[in-house]
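Chemist: Each chain is listed here by its residues.
Number of protein chains: 2
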Amino acid sequence: MSDHPLVLPFDPAGLVIDRRRGLSQQLYEALRSRVLDGRLSSGTRLPATRDLAAMLALSRNSVVRAYDQLYAEGYIESRVGDGTYVSRLEKISTQLSTGLSRGLSTGLSTFHSKVTEDLSSNMLSSEPLERLKSNHLPPPKTGAPRAFRVGIPAFDLFPFNVWAKLQAGFWRNPDRVQLGYGDPAGEHGLRELISAYLRRSRGLSCTAEQIVITSGAQQAISLCAQLLLQPGDGVAVENPGYRAAGHTFAVAGGKVVGIPVDGEGMESARLEQLKECRLAYVTPAHQYPTGVTMSLARRLALLAWAERRDGWIIEDDYDGEYRYSGAPLAPLAALDRQGRVLYVGTFGKIAFPALRLGYLVLPSRLVQSFSQGRALAMRHSEVGTQCVMAEFMAQGHFQRHIRRMRKAALSRRNVLKAGWPVGVSGLGPMPEVAAGLHVKVDVDNFAREQELVAQAETVGVEVNPLSSYWLEDSPVPVDKRAGLVLGFAAVPEGEIAEALMRLRKAWRKG
Amino acid sequence: MSDHPLVLPFDPAGLVIDRRRGLSQQLYEALRSRVLDGRLSSGTRLPATRDLAAMLALSRNSVVRAYDQLYAEGYIESRVGDGTYVSRLEKISTQLSTGLSRGLSTGLSTFHSKVTEDLSSNMLSSEPLERLKSNHLPPPKTGAPRAFRVGIPAFDLFPFNVWAKLQAGFWRNPDRVQLGYGDPAGEHGLRELISAYLRRSRGLSCTAEQIVITSGAQQAISLCAQLLLQPGDGVAVENPGYRAAGHTFAVAGGKVVGIPVDGEGMESARLEQLKECRLAYVTPAHQYPTGVTMSLARRLALLAWAERRDGWIIEDDYDGEYRYSGAPLAPLAALDRQGRVLYVGTFGKIAFPALRLGYLVLPSRLVQSFSQGRALAMRHSEVGTQCVMAEFMAQGHFQRHIRRMRKAALSRRNVLKAGWPVGVSGLGPMPEVAAGLHVKVDVDNFAREQELVAQAETVGVEVNPLSSYWLEDSPVPVDKRAGLVLGFAAVPEGEIAEALMRLRKAWRKG
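Read top to bottom, the protein sequences are chains A and B.
Quick note, the first sequence lines up with residues 1 to 510 if you use the working numbering.
Quick note, the second sequence lines up with residues 1 to 510 if you use the working numbering.
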């Protein structure tokens, strides 16, 4: 103690221990906070464990454990033949900033009020965080599915009993080889089965080696954004379109440019006018959200543009399995001879979104980079989900389930079509729906769109305003952006009919 | 045909159909490729379905399906009262680039050879792809775990039967609410249980709202890189250190700066000299790979630096549960009063890596941004894994398993220690191992390190050269970077003893 003449003796006052919680942990925390805020200053001699145990009516063991922990972490030290002292933290005080020093001398309350100030006046000073603020995804629609939520398939029909059995089977006796770090591109068995499925059912020739498994379509898009864009690069997206993709490009530093969509899909010719743009994101099979199928002419023009620009096309085939007349259209990627198309597929619209399982089919020269990019993003996907899906496909459940889902969506679409209100002011007719899980209906103007959406909400029916799918800075007048987007697969036929009844009432009143 | 006087009639020669595969799909593909490569030119009249069926000895149905598909995709068109023709694709030919036009006129073989050329002479012209090339993760060590693989816990002891039962239980009757899109921060129940675990067992006070679930520690680090860095920003990392983290920062555009590590951990004082650096990545509990625990003085200095710089500290507590004397050390985050520390935790070292489940504990003001960032990266984690882990924790299996794993690792460490070869030229003794799943042993120089690693490999034993954990441009001479890193938990005691026997032989010979 000779070199610390001003140190006060240890004072146990205020050390209140709550007997319902871990005793040594509480004592450790109480002593630590006193060391940190200066109430227990460097060089203070601590009582022997036996004495402190008696003072606080604790077992000696609890005190020993608390001291051990404080010692291990450097807060206290023992002097041979003497006793236990608070460590000499002053040796580092010169390195401490004013803020922390003030904290050390004036107590924890200062810290806490400072944190509160920081929270209110806070500048999160990094550019990516700034970009994120102006590009956040709308919070997902949660709660049980209801009519007419967009993006939700008929997952009430998923064979959960089969899935449960396959999960149990996989986990009861997993192959040890699969439990360490896996291939970032995904389990090879699953990639083989996906490539066979795409070849056989979707007319897309590809090898297992071209496939990289992702956590849903969103991760596929995000990887593309991170690996193909540098800050300031242009990205062409459909307008109206899938806003989450646009946000993903914007957060990666891309300059998002909306391209109009007409009855043939995105107007590819407009891409020519864009400078500094080598990436386009499209939904050719069933444009999101208008439902238009991109014409062959536009597809070829798009491919030609990508080739001339040394660019890339992301083809998001989010619901390509749902086609109600004829086979599903061959993807744009099947037309691509130059290795310019990155094809995005997902199991979320056949199984259910919370599965978070999707894939990219890549031009061969990109596979290695995307696989590496994914390794850095998260190493790889959880092994069980991949292996169970592989088994689900290998046993034929997947193909059976696609047929079941297509039939269900068609039947639900028919109920929507049959019960669609007619004669509602400003509301267009239900168009033919040849594909997908949602439909767009025209509305005369923006004010009426907002009214119809709000009236639907009052009777518990979810309809989405088409205007929310447009980029904010579109040149198109706001009244031309009006419409309704309705998902028709999320709930069974009975619930759809019932929702339509409520809608008719709500909308006729208005 | 009047406007296409030069069009040749349809010629079925070469249309060979393999009867073992889908007939209409093959016919569709054959006709499509002829349209695309110009063998079937615009305006060619196609035979009636009945006639083509007869020519090819197919059912008429197969031909109808193929025609339907070609029609739906725009390759052929029908003229009222006339017949079926190849579409007039010349209307878009002006938009086609030379490459694609050449393809259209000279056949598919040109395309294929062009793709091959592209592959060899290929420039992947985006900066992120370039950065990826020089910052790739080494391929994961695959195959069954063997002695002395680093980063693998004793997952042979994981209660897979319990996990299988919980998986089956979850999937047999899942809550429909959980199958749509979930909270990007993760399932709330799991976040509650993690925060309770951290408070009770790790001395880290935090709420469930501060926790964001990730796909393993790697995704946590990757999110930090994407959200906290902008291109050109400095990032301080330990040197030697966890190279995968460094690569992640570099690919996000960060300038990675190595800070030396001594017996007290990273030399925090050196951070003062770095300009333009507001982010540090550290492993304070058990430095990776040297095993040093960061001293209290260094911890406080690091926190003070972050506060002064308005910066952030990523604390990767990858194996903090493994402490063989006393309780685990309280994390750096428990000392943080200013909201500067982003704490990274993982289940991979308690359960098994292929689970890909980890979490971030964030300063409150960052939670919203990270949750949004994760939504853009992949929406959220697969629901089953999260809910099953929550149940595993709630039923007490997790805490029991931690104790089991700690005991197993300690026992395996003891076998390694007892059998460590002595008297091998240039090889240091086995140090005390107080924490973690691996240990670093000194070696005299680089040449000897390489020799020992190679000799071990000849007898099927995996030891990792310490030199590979250093940044390439370290100022430290290469001989000072030598050492061996051994994971001791991956395989049971018997296999460890046996591997040591082989090592002793291999190294004595050398």
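Just so you know, these hints were derived from the structure itself, not from any lab.
Check each hint, because a few of them may be wrong.
If chains are identical, the list can't say which one is meant, so a pair holds when it fits in one copy or spans any two.
Taking lysine to aspartate or glutamate pairs in the EDC-like style, the calculated list, with each CA pair at most 20 Å apart, reads [what the hints assert, rightly or not]:
(1) Lys407 <-> Glu29
(2) Lys480 <-> Asp444
(3) Lys505 <-> Asp183
(4) Lys417 <-> Glu267
(5) Lys141 <-> Glu462
(6) Lys407 <-> Glu493
(7) Lys165 <-> Asp175
(8) Lys407 <-> Glu192
Please read these numbers as outputs of a predicted model, since none were measured by experiment.
Chemist: Now tell me, hint by hint, if it's right for this structure.
Modeler: Going down the list of hints, with the structure as the test:
no. : hint              : in the structure
1   : Lys407 <-> Glu29  : neither (62 Å within a copy, 26 Å between copies)
2   : Lys480 <-> Asp444 : within (8 Å within a copy, 75 Å between copies)
3   : Lys505 <-> Asp183 : neither (55 Å within a copy, 34 Å between copies)
4   : Lys417 <-> Glu267 : neither (29 Å within a copy, 69 Å between copies)
5   : Lys141 <-> Glu462 : within (10 Å within a copy, 49 Å between copies)
6   : Lys407 <-> Glu493 : within (12 Å within a copy, 56 Å between copies)
7   : Lys165 <-> Asp175 : both (17 Å within a copy, 17 Å between copies)
8   : Lys407 <-> Glu192 : neither (27 Å within a copy, 41 Å between copies)
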